Amino acid sequence: MSEARTDGYKSGSNLEKILRAGYFAVTAEIGPPQSADPEVIRRKARLLKGVVDAANITDNQAAIVRMSSIASAVLALQEGVEPVVQMTCRDRNRLAMQSDLLGAYALGARNLLCLTGDHQSFGNHPTAKNVHDLDSIQFIRMVRDMRDEGRFQCGDEIKGLRPAFFIGAAENPFADPFDFRPYRLAKKIAAGVDFIQTQIILDIPRFREFMKRVVDMGLHEKVYILAGIGPLKSAGAARYMRDKVPGMRVRDEYVERMEAAVAGIPKEDKKGRKEAWEREGIRIAIEQIQEIREIPGVAGVHIMAIEWEEAVRPIVEGAGLLPRPVVE
Amino acid sequence: MIVGEQKPLEEIMNLLGDARRVLVAGCGTCVTVCFAGGEKEAAILASALRMKSKLEGRPMEVDEVTVQRQCEWEYIDPLADRLKDYDVVLSLACGIGVQAMNERFPDTITLPGLNTTFLGLPEEHGVWEERCQACGDCILGLTFGICPIARCSKQLLNGPCGGSRNGVCEVNPDIPCAWQLIWERAIRFGQIERLLEVQPPKNWSHSRDGGPRKIVREDLRLPESE
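Sequence order for the protein chains is U and X. By the count of our numbering, the first sequence reaches residue 328 at its end, each step adding exactly one. By the count of our numbering, the second sequence reaches residue 554 at its end, each step adding exactly one.
It is worth saying that the hints were derived from the structure and are not from the lab. What you are looking at is a predicted structure, and each value in this text was computed from that prediction instead of being measured. A hint or two may mislead.
Result set (DSS-like, lysine-lysine): computed pairs, CA atoms no more than 27 angstroms apart in a straight line [unchecked claim]:
no.: 1; chain 1: X; residue 1: K530; chain 2: U; residue 2: K159
no.: 2; chain 1: U; residue 1: K129; chain 2: U; residue 2: K159
no.: 3; chain 1: X; residue 1: K412; chain 2: X; residue 2: K368
no.: 4; chain 1: X; residue 1: K335; chain 2: U; residue 2: K129
no.: 5; chain 1: X; residue 1: K542; chain 2: U; residue 2: K129
no.: 6; chain 1: X; residue 1: K530; chain 2: U; residue 2: K129
Bound conformation, chain U alone:
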C-alpha cells in the first residue's frame, strides 16, 4: 500500500497552511545562477527569509541553462526558506518528471509549480529539441494522481511514501484568446491544481475583468489565486516589458511614471537615476498590492523581482504584510 498524509493537509507546506488559514499569502522568486555556485541561492534566500511564505525556484527560466531548480530548492531549504519547485514540460518527458518529483519530495520540497515552459528559441540553446510529452494540465493531473491516488501516470501503484505536493500552476490573464483564459483556469482546477500564480500584472483593469469572470464562474472558491507583481526597475525595463515580452500587457501609465521618476536627474548621474527608478518601482508595486488585495477572489501575491530580490522586503513591508503569520 502506498502511504498518504493523514493530517488533513494535502502537502503540509507552509504555503498551504497560510492559505488554508485565510491569510493573504506572499510568495517571491529566486532565479538560480548560470553556474554551480551555491552561494548565489543562499544569498538570495537570506534576503527572503521571514519576508515571504515560500519562494519559487525557477526552472531554466527563459530557456537559459541554470542550476537545477530542485538542487536550488534544497539550498533554499537549508537557509530556512520554503521553496516552490518550478518544473516545465519543455525539458523532461513523463519518466524524468516523475523521477525528479520523487527525488524533490525526498529532499524536502513540498510545493510544486507545473509549467509548460518558455520556448527554447528564446534561450541560449535555440537548437535544442523540446520535449512537451505532457502539457501543463496533464502534468497537474499526473502530480495529483501521484499524491491522491498513489499512482504513477501509467497507473502503477506507488509502493511506499507518496510525493504529496501542494500543486501550483501559472495563468496569464493577459494572453489571448482572452475569453478562453477563465475556462483554461477551470481545466487546471479540474486537473487538480491547488494554487495559481498569475503573470505579472501591469494592467489592473484587465486583471479585474479576468477576476470578475473567475468569480462569476466560482473558480476562486476552488483554487487560491496569487496575483503576480513585477516591480519595475527602470523606464527602459517598463518599455521592454510593454513592447517585447510575449504575453505581457503594460499600461502606458507605468512607463510614464517610471520616465517621470528621473525627471530633472541628469543622465550622467547614473546612481541617482537608478535609485529614483527603484524607489518608484517599489512604490508602484506597493500601490498595486493594495489595489489588487481589494479585488474579490485574490488570495495573495507572487512578487517576481527578477534579479532584484532586495526589493521584496521593502515591498512586502510597505504593503503592510510583515511580519508573516505563523501557522502551526
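With the hints as your guide, set chain X onto chain U.
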C-alpha cells in the same frame, strides 16, 4: 504532400566530393509540386553542377533523369541498367526516395540533394506550411480540424499557453496560434464545451519513438508463390 527544399549548392558539392560522374535523379510527385525536385529542378541543378565543377577546375559529367515516383520499386527499377555509368546518384526526391534508391540499388550510393522539410500544403503560390506530423493517432476530430501537434510550437493538447497574443504565437509573429484558430472554430460551431474536457497525455507510441512504423494489410497482400 511532402514538402522539400533544395540543399545549398555548396553543401551538395561537398557531399559529392570526388565523384566525377553524377546522375541527378528528380521525382515527379510531391517534390515536383513544391518546385524542389522535379524534372525542371533536376535539369537546373545538373547544369549548375556542371558549371560550378568546371569553374573549380574539376569538371563533372552530370546527367539527369526524373522518375514518376522514387518511393516505389516499379518506378525506379528501370534505372538499374544506367547506374553503372555513374559514381553517385544525387536524388532530388524526399528522404523516402533517397532511401528507396539505396535499398534497391545497394552497389550505388545515392545522396540527398534536398532537405525533406514537412507534410504540408501551399498556402499561396510560393508559400508552404506544415499541417501534419504523422503522429499516428489523429486528434483532428477533437480540435475542429486544426492540428496542435503540427501547428502549436509546444504541441499543447489542452488549450493555448500564455504566449498567445493577437492571434499569433510567441515564437514568431508569422505563426498563427493554433489554439486561437481552434477556439474560433469551436465558437463558430457553438461547441466550446468540447474544449473544456481535460485531454489525457498523448500516446506517443504511435509516433516516431521506437523504430520505423509499419502497416500490414493482409487483405491487400499478394499470395506467396508456391
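Structure-based check of each hint:
1. X:K530 to U:K159: The given pair, whose Cα atoms are some 25 angstroms apart, holds under the 27 angstroms limit.
2. U:K129 to U:K159: 33 angstroms, violated
3. X:K412 to X:K368: Measuring from Cα to Cα gives roughly 24 angstroms; hence the hint holds.
4. X:K335 to U:K129: Holds: K335 of chain X and K129 of chain U sit about 22 angstroms apart, inside 27 angstroms.
5. X:K542 to U:K129: 25 angstroms, holds
6. X:K530 to U:K129: OK: K530 of chain X and K129 of chain U at ~18 angstroms, within 27 angstroms.
The structure is inconsistent with hint 2 alone, although it conforms to all the rest.
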